[in-house]
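Chemist: Now for the letters of each chain:
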Amino acid sequence: MNKPGNGAIELASEFLGIRSPNPFWLASAPPTDKAYNVNRAFEAGWGGVVWKTLGEDPPIVNVSGPRYGAIHSNDRRVIGFNNVELITDRPLRSNLDEIRQVKRDWPDRAVVVSVMLPMNREVWAKYVPMIEDTGADALELNFGCPHGMSERGMGSAVGQVPEYIQQATEWCKSVARVPVVIKLTPNVTSILGPAKAAKEGGADAVSLINTVNSIMRVDYDTLTMYPATDGMGSHGGYCGPAVKPIALHMVAEIARNPATRGLPISGIGGVTDWRDAVDFLALGASNVQVCTAAMVYGFRIIDDLTSGLSHFLRDKGMKSVKDLIGRAVPSVTDWQYLNLNYVVKARINQDLCIQCGRCHIVCEDASHQAITHTVDGQRRFEVIDEECVGCNLCVSVCPVVDCITMEHLTSGFDARTGRPIDDRKADWTTHPSNPMRRPA
Amino acid sequence: MNTPDIAPGRLAADEIEKNFADLHPPLSKSQALIAADRCYFCFAAPCTAACPTGIDIPRFIQSIRSGDIEGAAYAILSENIMGGMCARVCPTEVLCEEACVRNTHEEKPVDIGLLQRYAIDPVIDAGTQLFPRVEASGKRVAVVGGGPAGLSCAHRLAWLGHEVTIFSRDGKLGGLNEYGIAAYKTVDDFAQREVAYILAIGGIEVRTGAGLGRDLSLAKLCREFDAVFLAVGLAGVNRLGLESEDLPGVIDAVRYIAELRQAPDKAQLPVGRRVVVIGGGMTAIDVAVQCKRLGAEDVTIVYRRAREQMGASRFEQDLAQTSGVRIRDWARPVRLVGKEFVTRVEFEHTREGPDRKPEGTGETFAMNADVVFKAIGQEIAWNELGAASAILRVADGRIAVDARRKTSLDNVWAGGDCVAGGKDLTVTAVQDGKLAAQAIDEYLKSGG
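So the sequences go chain by chain: A and B. Sequential numbering from 1 applies to the first sequence in our numbering. Sequential numbering from 1 applies to the second sequence in our numbering.
Don't read these hints as lab results, they were simulated from the structure. Glycine included, every Cβ here is placed at the ideal spot set by N, Cα and C. Just to be clear, a hint being listed does not mean it is correct.
Partial pick of chain A residues on the chain B-facing surface, computed with a CB cut under 10 Å [claimed, not checked]:
no. : residue
1   : 75
2   : 90
3   : 220
4   : 224
5   : 226
6   : 354
7   : 355
8   : 357
9   : 359
10  : 362
11  : 364
12  : 368
13  : 369
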């Protein structure tokens with residue numbers, strides 16, 4: 001296992017009292033379906049695993065057609081990924097025996113078991129003790145999978161109905177001795193209802209997000225959906241880098257909402273490198289779970305995750321992962337509280353500019369016509385302060401790192417509005433145009 | 001020694017075949033997608049501005065990215081019907097690829113030439129016609145010359161609904177694409193396949209073995225056709241102006257290259273053991289590198305100015321040197337030595353004179369040679385033009401034209417290497433033909 005380098009921070013992590021050498025767990029998914037894979041993951045250095053979801057015996061069956069589809073960049077990097085694989089298709093006994101052995105062999109790693117059971121109290125009472133008997137550190141209830149199992153009243157079919165979440169959580173908690181984590185589906189209009197229900201049902205933590213309902217594309221030859229089994233396809237669960245922003249929003253909502261604040265969160269959704277982990281931790285997750293990146297690159301990505309996070313913590317003067325958790329949560333607010341007196345203007349570093357003109361054309365076509373293409377007869381891209389609204393579109397499309405930045409104006413006038421820069425904060429709640437405004 | 005050391009088969013046939021394989025092999029699909037991904041899709045793209053035919057390069061690369069190869073080909077061919085050949089022979093390093101903003105970013109441009117070839121080859125291979133001819137105009141245009149300018153003009157005119165007759169001095173169309181240009185830049189008979197693709201649009205009649213001054217006169221063409229486009233190229237070779245210039249072994253580089261291009265078996269081509277090439281343009285490089293690749297032992301290019309001033313691009317010079325060709329600059333030939341055939345060339349060192357022209361320093365040196373190639377430029381073969389030469393306005397030794405390629409005569413346009421102000425590139429010839437065709441079309445539609 002990779003040891004942190006010079007002056008790097010130890011990443012020892014604790015989640016619900018479960019210790020692991022780092023905050024990187026493999027999410028419940030194909031990479032955690034068998035002892036073989038999990039042993040390889042632990043050898044590579046992963047801090048923990050959530051074992052692929054167990055269900056009732058007899059085990060489910062999977063299609064023998066394709067289970068996965070991907071969205072690629074042109075150089076075939078996987079940007080988004082989806083799957084129609086169901087929960088484990090191996091006999092319960094095989095899984096339980098392997099879990100017991102793995103936990104015995106790797107006592108310093110977290111071994112959590114994902115569970116999916118129908119809405120039936122007796123079933124929960126029957127299976128939970130069997131699973132706990134393996135010595136697993138915690139249970140994660142899969143109320144998230146959006147494909148297949150949801151048609152049978154499980155997975156996201158539970159996660160989309162707060163009452164079901166609360167009920168099933170209560171059933172589980174009434175028999176469980178180890179901590180219970182509720183894994184939430186993002187296929188809801190607001191994540192707060194499900195999170196509150198989990199909390200009220202007695203959940204010790206939530207993990208999110210599970211995958212997003214998705215169809216990847218059509219097959220351009222057959223004009224059927226792709227991937228397909230015998231000409232037919234079914235929506236799958238979408239994951240990978242493309243879903244991270246959705247996940248971060250939901251994590252932050254739970255972290256900052258008074259009704260759910262303080263509920264421990266295991267962050268999931270597109271974590272590929274250590275910076276993704278920083279996002280989740282700073283926005284309120286206590287650890288992160290990874291699936292797609294391991295499926296796309298193999299377990300060896302753990303080296304970058306641990307090394308990068310450790311160096312980041314050191315450079316930020318932090319002593320442990322704990323110091324990072326929730327650090328960005330106070331910066332997440334409602335739109336109405338954004339400071340309307342805060343003015344930024346784009347600035348183009350002419351020494352770095354490579355003259356591609358992307359900033360000009362997007363500003364011209366899609367924004368505020370605030371970037372030139374010609375100055376004194378020369379190809380030159382300059383910001384017109386009189387038009388620039390500070391929207392960040394140019395920054396977003398510029399191919400050169402740090403070439404375009406946003407400058408915060410602290411004095412003088414905003415050339416666009418003609419108004420003097422006011423360093424006092426003023427938001428929508430007191431804005432003259434707001435019919436519901438409060439007195440400033 | 002009573003015979004010059006000039007012999008065929010200096011290398012084994014398979015070695016020659018390897019030496020004349022595609023200089024830049026085509027991109028695979030994966031390579032093309034990765035290369036296409038590097039294009040930033042610039043606004044008012046500098047590469048497009050640098051392309052003499054104004055191909056919307058980001059547009060065609062975007063189509064490659066999206067998998068619409070025919071759309072990419074249309075974007076290219078609608079501006080440059082010889083986009084396939086230009087993808088192979090354009091000095092992209094001083095045109096589109098020099099302008100690519102990736103140079104500023106990371107000193108490596110997008111592979112525009114290779115991407116263009118990736119888009120065009122399937123269309124040529126399949127013979128997919130992308131330009132349905134518009135309604136017939138009933139007008140007839142004579143195109144004199146079957147090289148890039150003539151073919152470009154003919155195709156555009158046919159597309160626009162006119163009937164075209166191409167008169168070609170040579171037996172095959174294509175001009176320098178067929179008879180010039182190093183063989184490793186256009187393998188698999190691409191020049192003829194491209195000609196066939198261009199002619200397949202319909203409405204173009206071809207008469208070969210028909211040159212001005214021989215069987216037809218400009219005045220006659222002007223009478224019999226509604227308009228005339230002259231694209232006669234540069235059929236004359238500049239002379240060194242030395243005594244003994246006609247000694248056996250002193251050869252026009254363009255003639256030798258044409259023989260090489262037409263040779264059914266390169267192993268049968270006679271090659272000198274020691275080769276001296278005089279000149280600094282593409283022709284000099286093409287003949288030198290090809291001799292080397294045919295097995296010449298010692299090949300030297302001698303140029304009278306600095307390397308930086310050579311007409312051949314830096315890439316071409318590097319290609320020559322990595323092929324084992326020596327380049328000597330600042331020297332000019334002063335004497336060709338030999339009794340029955342050339343055996344030696346004497347040179348004088350040169351320097352930049354007060355009028356910026358090279359002048360001799362008085363110091364001389366000599367090089368032994370079995371073959372001396374003259375590659376110091378070509379000129380219009382005025383003597384072959386017959387009476388036309390007397391009635392056309394001339395500038396800088398070539399036919400004078402305006403911005404739309406119109407000559408001093410009412411219904412005569414001209415383009416390609418034979419007009420003044422050109423760059424002597426395939427791509428500029430194609431542009432000349434296109435511009436002239438557009439002007440001729442307007443002229444014909446306005447009642448001309």
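Chemist: Taking 10 Å as the limit, does the beta-carbon of residue 224 of chain A come near enough to a beta-carbon in chain B?
Modeler: This hint is violated: residue 224 of chain A lies away from chain B, its Cβ roughly 18 Å from the closest one there, beyond 10 Å.
Chemist: Interface hint check: residue 364 of chain A, Cβ to nearest Cβ on chain B, cutoff 10 Å. Holds or violated?
Modeler: holds (8 Å)
Chemist: Against chain B, is residue 368 of chain A within 10 Å by beta-carbon distance?
Modeler: Since the shortest Cβ distance to chain B is 16 Å, the answer is violated.
Chemist: So, residue 220 of chain A near chain B? Judge it on the closest CB pair being under 10 Å.
Modeler: holds (8 Å)
Chemist: Was the hint right that residue 90 of chain A lines chain B, CB cutoff 10 Å?
Modeler: The hint is violated - residue 90 of chain A has no Cβ within 10 Å of chain B, the shortest such distance being about 37 Å.
Chemist: Does the CB of residue 359 of chain A sit less than 10 Å away from some CB of chain B?
Modeler: holds (8 Å)
Chemist: Does residue 354 of chain A meet its interface restraint, that is, does its C-beta lie within less than 10 Å of any C-beta in chain B?
Modeler: Holds, about 4 Å.
Chemist: Interface hint check: residue 355 of chain A, Cβ to nearest Cβ on chain B, cutoff 10 Å. Holds or violated?
Modeler: Status holds, d = 5 Å.
Chemist: Does residue 357 of chain A pass the interface hint, meaning its C-beta sits closer than 10 Å to a C-beta of chain B?
Modeler: Since the shortest Cβ distance to chain B is 3 Å, the answer is holds.
Chemist: Does residue 369 of chain A meet its interface restraint, that is, does its C-beta lie within less than 10 Å of any C-beta in chain B?
Modeler: Hint on residue 369 of chain A: violated, closest Cβ of chain B at ~13 Å, above 10 Å.
Chemist: Interface hint check: residue 226 of chain A, Cβ to nearest Cβ on chain B, cutoff 10 Å. Holds or violated?
Modeler: violated (14 Å)
Chemist: Under the criterion of a CB-CB separation shorter than 10 Å, is residue 362 of chain A in contact with chain B as hinted?
Modeler: holds (9 Å)
In summary, the numbered hints that this structure violates are 2, 4, 5, 12, 13.
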